[in-house]
Amino acid sequence: MPESEWTMTEADRLVLSAVMDLIVPSSDALPGAGEMGLAEKAEELAGQIDLYGEALRRILDALSLEPSARAEGGFAALEEDQRIAALKALESNMVKHFDKFVDLVYIVYYSDERVHEKVGWRTGPLQPRGWELPPFDPTILETVSKREPFWRRV
Amino acid sequence: MSITHPPTDILILGSGASGAAVAWRLSNSGFNVVCLEQGRWIKPAEYPNEHEDWEIQARTNWAFDPNVRGLAEDYPINVDDSPIDPLMFNAVGGSTIHWTAHTPRFHPSDFRVKTLDGVADDWPLTYDELEPFYDAYDELMGCSGINGDPANPPRKERPMPPLPIGPDGERMARAFDRLGWHWWPSDSYINSVPYKGRLACNNCGNTGLGCSRGAKGQTDVAIWPEAIKNGVELRTDSRVFRVETDQNGKATGASYYDADGNENFQPAKAVVLAMNGVGTPRIMLNSASESYPDGLCNSSGLLGKNLMFHPYAMVSGLFDDDIKTSQGALANMILCQEFYETNFSKDFVRGYTYQVARSSGPISTACGYMFGRVPWGADHHAEFRRRFDNVTVLGVIGEDLPEEHNRVELDPKLTDSNGIPAPKVFYQLSSNSRRQLDDAIANAETALREAGAVHVLGTALLKAAGWHLMGTARMGDDPASSVVDRWGQAHDADNIFVVDGSVFVTCAAVNPTPTIGALALRTADYIDRERSDLKS
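Going down the list, the protein sequences come from chains E and F.
1 is the number of the first residue of the first sequence in this note's numbering; add one for each residue after it.
1001 is the number of the first residue of the second sequence in this note's numbering; add one for each residue after it.
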């Protein structure tokens, strides 16, 4: 993370997990991204890549200063509609960092095998399996091949 | 203390699309060649496609953007004054490691834009002059494709048949047919069948992350093995910071830092710059000297100027059938050049190509490279399901025209890890390009709707799309209006050559690499024929 002294506290982790559940909520088959235990992975990735680290730090800082959260004893103590309102305010006021933060949550969520199974994605490396596709069939050129050459002579 | 190496005939700076071609060609003819590359060899097992977290790597240590990647071998680029970010890769193979290997050629008209359309400048050479070198580069890298395209001149048979266009490509092809528009299977430097000891592509999907099968035409596998067999010394982890010159302005070699940070000097009879349209002007500007106070071979004042990208718009169609849109080479299905040439009834000159491309994995879908970001919150899952594996993209490659205010300079503060000044890019999208892209977006929607798309989304200008870096050391016959001559030889010094996209006079509306490779082979051919004084 860009400010090397900054490390997440247990309270930060609780907030991060709660926020992740709002970004990617539970679906029929799976709990939300936070409840799936992905906050740790998000923290790890943020520690490796500055732009995600900075986004995470700024979003958590902003949430800790959010007035309703302070009044209620922290973001995690807010009602769900209050939490969503707080996030929407950040989305409007901190566009760049919020965007990166959402990317961070999506990256860790959609790299999880459980999620791959849910969405029907073949998990694992792309190689060496690849995909079978029928070889090129030149009969599909029948129509376009009949066209007269139209490149511009010079 | 500086380490001085034994002299060589030809010193090439950069091992990518052009540097490798020159090394191969000149070493075939008995020149002694040394190539300096700031990156390293990448082992096949390192490529992200061999790893479960390939989509994460595509956004981190394997990102196209060196500012995101931030590896030791990268240099930062100041993009504060550019709406488009330059993209590149630094390794043996250069950006051919990363590219999607879509390889159309310039049209004959692209070399005559001043004569035909009254804009920019004509090239000092013709398509016909370049054609044999296009053929040679196709052979070297391995081109898959098929003859008969009515939008392009007839040409020599490609070494391999086209890649499969897949059901998604067929869907778009039939839509173009119904509209009476042109389309043709993409030319690709990707093996559709085994080629010269390299495997055929197995359609894994993400061709933009390096190919561990060796099926993609990357110079590390397609050219370097033979060049090294010929005796070329390819020196990695070697970061050039200055081309050295004597009192007459001729090159004497280049200075560079090795992996340990030691300063080295490699003497040579001639220096060939092949570091791309940003990297080459950067080092030439950093090579200012008494002979060249404004940068190496910059008597024209045009070094670094006339930077062209291809400004990209992207138009994505969302389909609701069962065709999977992520299976097959990412950007190599078909292209459409219905709107390639100037149409004088329009409000812009020159034209554009549609490069029909596929979608990618779940992270790419969620983060929205192809179709905007999936919204967070209650609607997230339903919207993700609608988009995932259901998007076909018409990438718009419009012809950018050269403008001097679009340029590369040295940043006064930013440096790489060796303290070498970083480039700063200044770029403004021209009103001609804007109108061109707007026209393309409207027509793309027509095509995607015809193909059955239920929803179409246009991205007016992609920021992370500076794949093509061109024009910053342009060629020409007049030393007052160009940096190098028709052979890529600097007007100011007859032993300094530029062979990358920097030499482009105009950029056409197609991916540039076959043209870069052909020009590089042509320069090497010239050196071999005309410059025996450079051979020991």
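It should be emphasised that the hints constitute simulated quantities derived from the structure, not laboratory data.
Warning: the hint list may mix true and false statements.
[Claimed, not checked] A few chain E residues that don't get close to chain F, going by computed Cβ distances all over 12 Å:
1) Trp6
2) Thr7
3) Thr9
4) Glu10
5) Arg58
6) Ala62
7) Ala76
8) Ala77
9) Met94
10) Glu113
11) Leu126
12) Pro135
13) Arg147
[Said to hold, decoys possible] Sample of chain F residues facing chain E (criterion: CB under 7 Å; computed from the structure):
14) Ala1072
15) Pro1076
16) Trp1183
17) Asn1432
Here a beta-carbon is modelled for each residue, glycine too, at the ideal position from N, C-alpha and C.
### Query
Would Thr9 of chain E pass as off the interface with chain F, using Cβ distances and a cut of 12 Å?
24 Å, holds
### Message
Is the claim that Glu10 of chain E lies outside the interface with chain F correct, judged by CB distances over 12 Å?
### Response
25 Å, holds
### Message
Given a cut of 7 Å on the nearest C-beta pair, is the interface hint for Ala1072 of chain F held or broken against chain E?
### Response
15 Å, violated
### Task
Over 12 Å to the closest beta carbon of chain F is the bar; see if Ala62 of chain E clears it.
Answer for Ala62 of chain E: holds, closest chain F Cβ roughly 16 Å.
#### Entry: Minimum Cβ distance from Arg58 of chain E to chain F greater than 12 Å, as the annotation requires
Holds, because the least Cβ-Cβ distance between Arg58 of chain E and chain F comes to about 17 Å, which exceeds 12 Å.
### Task
Under 7 Å, Cβ to Cβ, is where Asn1432 of chain F needs to be relative to chain E, so tell me if that hint holds or is violated.
Since chain E brings no Cβ nearer than about 18 Å to Asn1432 of chain F, farther than 7 Å, the hint is violated.
#### Entry: Status of the hint placing Trp1183 of chain F at chain E (closest C-beta pair under 7 Å)
For Trp1183 of chain F, the interface hint holds, since the closest Cβ of chain E sits about 6 Å away, which is under 7 Å.
### Task
Verify that the Cβ of Arg147 of chain E lies farther than 12 Å from every Cβ atom of chain F, and report whether the claim holds or is violated.
4 Å, violated
### Message
At 12 Å, judged by beta carbons, does Ala76 of chain E keep clear of chain F as stated?
### Response
18 Å, holds
### Task
Please settle this one: Trp6 of chain E was flagged as non-interface, so is its CB more than 12 Å from every CB on chain F?
Label holds. Min Cβ-Cβ 19 Å, cutoff 12 Å.
### Task
Say whether it holds or is violated: Ala77 of chain E keeps its Cβ farther than 12 Å from all Cβ of chain F.
Holds, since 20 Å exceeds 12 Å.
### Message
Over 12 Å from every CB of chain F: does Glu113 of chain E meet that, or does the non-interface label fail?
### Response
8 Å, violated
In this structure, the earlier hints numbered 10, 11, 12, 13, 14, 15, 17 are contradicted, and the remaining ones agree with it.
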